[in-house]
Amino acid sequence: MKQCEMLVIGGGPAGLSAAIEAAEAGVQVVIIDANEKAGGQLFKQIHKFFGSSMHRAGTRGIDIGEELLQKCKDLNVEIWLNSLVIGVYDNNVVAVDVKKSLTEHELVKVQTKKIVIATGASENAVKFPGWTLPGVMGAGAAQTMANFHRVLPGKKVLMIGSGNVGLIVSYQLMQAGAEIVGIVEAQPNINGYAVHASKLTREGIPIYTGYTIIEAKGKERVNQAVIGKVNPDWSIVEGSEITLDVDTITIGAGLKPLIGMAYMGGCKLINDRFLGGWAPCHNYNMETTTKNIYVAGDASGVEEANTAIEEGKLCGVSIAESLGYLDSTKAEELKKAIWNRLAGLREGAHGTERTGAKQKQLEEYTKAMEG
Amino acid sequence: MNKTYDVVVVGGGVIGTSCAYHLVKKGFSVALVEKDDIAKGTSSHCDGVALIVDKMPGIDAALGYASIKRFLELKEELRYDFELHQRGSLYVCETDEEMEIASKYANDLHKEGYRVSVLTPEQLQEKEPFLAKDLKGGIFSEECLGINPFKLCFAFVNEVKGKGLDVYAQTEVTNIKLNTDNAVEAVETTKGTIITKRVVNCCGCWAPEIGKMVGLNIPIEPRKGVILVSGASFPICKQKIQEFGYMVSKFGMECKRPPELEKYGVSFTIEPSAGNNVLVGSSRNFAGYGTNAEIEIINMIAKRACRFFPILKEMNCIRSYAGVRPFMEEHLPLITDVEEVPGYYIAAGHEGDGISMSPVTGQLISEIIVGEETCRDIEPFRFNRYKK
Numbered sequence: 001m002k003q004c005e006m007l008v009i010g011g012g013p014a015g016l017s018a019a020i021e022a023a024e025a026g027v028q029v030v031i032i033d034a035n036e037k038a039g040g041q042l043f044k045q046i047h048k049f050f051g052s053s054m055h056r057a058g059t060r061g062i063d064i065g066e067e068l069l070q071k072c073k074d075l076n077v078e079i080w081l082n083s084l085v086i087g088v089y090d091n092n093v094v095a096v097d098v099k100k101s102l103t104e105h106e107l108v109k110v111q112t113k114k115i116v117i118a119t120g121a122s123e124n125a126v127k128f129p130g131w132t133l134p135g136v137m138g139a140g141a142a143q144t145m146a147n148f149h150r151v152l153p154g155k156k157v158l159m160i161g162s163g164n165v166g167l168i169v170s171y172q173l174m175q176a177g178a179e180i181v182g183i184v185e186a187q188p189n190i191n192g193y194a195v196h197a198s199k200l201t202r203e204g205i206p207i208y209t210g211y212t213i214i215e216a217k218g219k220e221r222v223n224q225a226v227i228g229k230v231n232p233d234w235s236i237v238e239g240s241e242i243t244l245d246v247d248t249i250t251i252g253a254g255l256k257p258l259i260g261m262a263y264m265g266g267c268k269l270i271n272d273r274f275l276g277g278w279a280p281c282h283n284y285n286m287e288t289t290t291k292n293i294y295v296a297g298d299a300s301g302v303e304e305a306n307t308a309i310e311e312g313k314l315c316g317v318s319i320a321e322s323l324g325y326l327d328s329t330k331a332e333e334l335k336k337a338i339w340n341r342l343a344g345l346r347e348g349a350h351g352t353e354r355t356g357a358k359q360k361q362l363e364e365y366t367k368a369m370e371g
Numbered sequence: 001m002n003k004t005y006d007v008v009v010v011g012g013g014v015i016g017t018s019c020a021y022h023l024v025k026k027g028f029s030v031a032l033v034e035k036d037d038i039a040k041g042t043s044s045h046c047d048g049v050a051l052i053v054d055k056m057p058g059i060d061a062a063l064g065y066a067s068i069k070r071f072l073e074l075k076e077e078l079r080y081d082f083e084l085h086q087r088g089s090l091y092v093c094e095t096d097e098e099m100e101i102a103s104k105y106a107n108d109l110h111k112e113g114y115r116v117s118v119l120t121p122e123q124l125q126e127k128e129p130f131l132a133k134d135l136k137g138g139i140f141s142e143e144c145l146g147i148n149p150f151k152l153c154f155a156f157v158n159e160v161k162g163k164g165l166d167v168y169a170q171t172e173v174t175n176i177k178l179n180t181d182n183a184v185e186a187v188e189t190t191k192g193t194i195i196t197k198r199v200v201n202c203c204g205c206w207a208p209e210i211g212k213m214v215g216l217n218i219p220i221e222p223r224k225g226v227i228l229v230s231g232a233s234f235p236i237c238k239q240k241i242q243e244f245g246y247m248v249s250k251f252g253m254e255c256k257r258p259p260e261l262e263k264y265g266v267s268f269t270i271e272p273s274a275g276n277n278v279l280v281g282s283s284r285n286f287a288g289y290g291t292n293a294e295i296e297i298i299n300m301i302a303k304r305a306c307r308f309f310p311i312l313k314e315m316n317c318i319r320s321y322a323g324v325r326p327f328m329e330e331h332l333p334l335i336t337d338v339e340e341v342p343g344y345y346i347a348a349g350h351e352g353d354g355i356s357m358s359p360v361t362g363q364l365i366s367e368i369i370v371g372e373e374t375c376r377d378i379e380p381f382r383f384n385r386y387k388k
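Those protein sequence lines, which keep their order, are chains G and Z.
To convert, note that position 256 of the first sequence is 256 in the working numbering; the numbers rise steadily by one, no gaps.
To convert, note that position 326 of the second sequence is 326 in the working numbering; the numbers rise steadily by one, no gaps.
Treat the hints with care, since some could be wrong.
[Stated by the list, open to error] When the alpha-carbon atoms are kept at most 20 Å apart in a straight line, the in silico SDA-like pairs for lysine to any residue are as follows:
1. Lys303/Z x Glu5/G
2. Lys303/Z x Lys127/G
3. Lys335/G x Asn283/G
4. Lys313/Z x Ala95/G
5. Lys313/Z x Glu353/G
6. Lys268/G x Lys303/Z
7. Lys40/Z x Gly266/G
8. Lys303/Z x Glu94/Z
9. Lys99/G x Val167/Z
10. Lys263/Z x Asp90/G
11. Lys26/Z x Val167/Z
12. Lys291/G x Leu75/G
13. Lys291/G x Asn292/Z
14. Lys303/Z x Thr103/G
15. Lys291/G x Gly290/Z
16. Lys109/G x Tyr321/Z
17. Lys360/G x Gly266/G
18. Lys256/G x Asp272/G
19. Lys336/G x Ala368/G
[Said to hold, decoys possible] Now the in silico label distances, taken between C-beta atoms and shown as ranges:
20. Arg273/G x Lys238/Z: 55 to 61 Å
21. Glu373/Z x His105/G: 58 to 64 Å
22. Lys113/G x Arg376/Z: 22 to 28 Å
[Unchecked claim] Facing chain G, from chain Z, some residues (calculated, C-beta under 8 Å):
23. Asn292
24. Glu294
25. Ile295
These are calculated hints, taken from the structure and not from any lab test.
Heads up, the beta-carbon is just placed ideally off N, CA and C, and yes, glycines get one too.
Please model the entire structure based on the sequences and the hints provided.
And the structure:
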């Protein structure tokens with residue numbers, strides 16, 4: 001069986017950062033990534049990062065992605081592409097489905113000392129009549145099509161959800177040549193940052209706050225969307241329906257951590273809406289309640305790329321320390337600095353709630369290990 | 001919670017829910033006490049069939065057949081749809097030696113009056129065109145049923161909940177109190193005490209724990225089984241299909257099988273589900289109460305399945321799961337009163353036949369508790385078999 005010291009599931013910002021930090025200390029690392037290119041969501045983030053000045057504000061996600069990949073290359077981190085981890089089994093055995101060609105797969109088992117779950121998150125669906133019609137898709141999927149594969153998903157787009165994903169993706173689809181017919185937000189106010197919203201309103205794109213999607217119409221694919229105003233009890237205000245001609249409906253209704261591997265590994269999970277739903281508990285070192293399984297990034301609670309990078313680094317440092325590549329004084333110093341940066345990143349919008357949720361995760365870990 | 005019930009049923013799996021249902025039908029007030037939730041253990045980590053052709057001729061098959069008949073009545077009786085389909089089932093043989101044993105087995109069942117027929121390789125292909133072409137033949141029974149096991153548990157509960165049945169989920173039994181005559185007096189739980197004169201232990205693999213509370217040694221052991229789930233496709237099989245080696249593995253029959261398969265009791269089974277996924281099994285090994293599906297076993301099951309059903313090579317396995325089955329040496333469940341402890345009853349130890357035998361088990365327990373004549377001879381299922 002193939003052996004390694006540290007196996008990282010998912011080569012996004014969290015996974016790459018964990019690998020780099022550990023490999024710099026001397027750990028032998030293998031990253032398993034399901035896609036044809038590692039980097040996760042970074043390569044579709046063609047916009048400049050914003051927020052904390054110490055954190056690459058002004059840098060584009062794609063540039064951070066290239067930088068992380070180059071570092072991995074320099075440090076001889078092994079990256080398996082087109083490879084899907086299908087399970088975490090007893091004795092730290094990880095099973096990988098390696099895609100050899102369109103039709104050929106090989107099942108490879110890897111025995112590792114440490115596992116990092118950096119699988120990211122998946123998009124939440126919103127169900128309404130017609131939601132399975134071709135042309136209805138996740139906002140993240142539309143972003144991948146446009147920014148990564150360079151395929152415009154549609155020409156007349158209605159976006160559901162005015163969070164940052166909904167706003168940024170709308171703007172990027174508009175830049176790529178689509179007409180954004182509107183943005184629908186069930187809440188009374190726009191959910192994302194005003195800086196993104198105003199870029200769209202300046203272009204004359206209507207943001208329908210207090211509205212929801214009622215139905216997607218069409219035979220072969222979607223060609224109309226019906227939206228309407230919502231009452232406080234979520235019923236539709238009679239007569240408020242608006243029918244819009246569209247060929248695409250994108251849903252930006254938030255993300256939830258991908259917890260399959262953590263569940264399989266027997267890690268204790270907690271549910272908190274500020275984490276995006278169920279997420280594994282972990283300690284100060286990002287280790288879950290299952291020994292030798294660590295978690296980082298959106299898989300440990302949905303946040304953004306910068307926190308994912310820091311959490312990944314925490315995993316890397318902790319694992320290097322645990323395997324004897326870093327002495328504990330040095331490791332502690334590094335960890336402290338990372339936690340301080342994380343605290344900084346968790347200020348701002350919903351910062352208190354997010355910090356609270358992350359705190360609960362640590363507390364639940366302690367409870368589980370004591371109980 | 002300081003309540004009084006005629007009967008406390010411990011265990012919310014298929015046996016417990018069936019007992020609870022049948023007891024309420026007899027007019028008893030019943031508390032169903034479950035440490036986790038309805039259908040949370042073995043009954044949701046299994047496959048879902050009621051067969052004759054996986055039973056030994058004699059009482060085993062008779063109980064299986066009685067359950068099939070009872071299931072057809074329950075389909076009308078229970079308003080909650082538990083996805084019952086009468087599809088039939090098929091055994092296939094890989095070697096001439098297996099075919100010989102299988103034919104004899106089919107004849108024995110036939111003599112007892114069950115509609116079981118022996119098929120040639122050509123007849124096999126007609127019934128299931130995706131089976132491997134080199135098989136030696138098989139046996140077919142048209143009466144076998146497919147059922148959704150957890151919906152069945154909910155169907156039993158929903159029919160009588162609030163009409164004589166109260167469900168206490170997330171409630172663990174901590175002790176069973178006996179009076180000076182050694183008879184059941186009360187059931188103590190993590191949520192309080194329930195006053196009752198009768199307790200039915202329906203805890204399957206965990207029945208020994210509830211037995212110890214009244215000083216009984218119930219010889220049940222957990223035996224693990226792994227099942228794979230395929231992605232949805234067009235219907236690739238019409239019924240439950242098993243290799244005859246399953247029988248060899250289940251009953252430890254004398255027959256040569258590859259040793260690597262014997263280690264985990266691996267044999268091929270496949271059954272269609274309502275959503276056109278197929279469930280592919282199976283394995284049997286003793287590994288404690290853990291329900292991890294090991295990759296070695298998953299691998300072995302998948303390989304075995306592709307040998308019998310080559311089209312599976314083209315399909316994805318989307319999930320795997322394992323459950324523990326309550327194994328008893330004699331391959332006969334306990335459906336019984338206990339002489340030494342008046343008011344204590346056991347319905348457990350069905351191994352792979354819990355779903356299949358649940359209706360008759362519930363019916364028998366209710367008849368035993370009423371004290372009326374039972375629909376079948378219960379002597380083989382009595383706890384006092386260990387005294388002889």
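Taking the hints in turn, this is what the structure says about them:
1. Lys303/Z x Glu5/G: The hint is violated at about 30 Å.
2. Lys303/Z x Lys127/G: violated (38 Å)
3. Lys335/G x Asn283/G: holds (12 Å)
4. Lys313/Z x Ala95/G: The given pair, whose Cα atoms are some 18 Å apart, holds under the 20 Å limit.
5. Lys313/Z x Glu353/G: This hinted pair is violated, its Cα atoms lying about 48 Å apart.
6. Lys268/G x Lys303/Z: violated (33 Å)
7. Lys40/Z x Gly266/G: Holds, at about 16 Å.
8. Lys303/Z x Glu94/Z: holds (15 Å)
9. Lys99/G x Val167/Z: violated (48 Å)
10. Lys263/Z x Asp90/G: With a Cα-Cα distance of about 18 Å, the restraint between lysine 263/Z and aspartate 90/G holds, given a limit of 20 Å.
11. Lys26/Z x Val167/Z: Measuring from Cα to Cα gives roughly 18 Å; hence the hint holds.
12. Lys291/G x Leu75/G: Since the Cα atoms of lysine 291/G and leucine 75/G sit roughly 26 Å apart, the hinted pair is violated (cutoff 20 Å).
13. Lys291/G x Asn292/Z: Between lysine 291/G and asparagine 292/Z the Cα gap is close to 16 Å, so the pair holds against 20 Å.
14. Lys303/Z x Thr103/G: Distance of about 18 Å is within 20 Å: holds.
15. Lys291/G x Gly290/Z: holds (17 Å)
16. Lys109/G x Tyr321/Z: Holds: lysine 109/G and tyrosine 321/Z sit about 19 Å apart, inside 20 Å.
17. Lys360/G x Gly266/G: Holds: lysine 360/G and glycine 266/G sit about 19 Å apart, inside 20 Å.
18. Lys256/G x Asp272/G: With Cα atoms ~10 Å apart, lysine 256/G and aspartate 272/G stay inside 20 Å; holds.
19. Lys336/G x Ala368/G: violated (24 Å)
20. Arg273/G x Lys238/Z: 55 to 61 Å: violated (45 Å)
21. Glu373/Z x His105/G: 58 to 64 Å: holds (59 Å)
22. Lys113/G x Arg376/Z: 22 to 28 Å: violated (57 Å)
23. Asn292: holds (6 Å)
24. Glu294: With a closest approach of 6 Å, the glutamate 294/Z hint holds.
25. Ile295: Isoleucine 295/Z check passes; min Cβ-Cβ to chain G is 5 Å, inside 8 Å.
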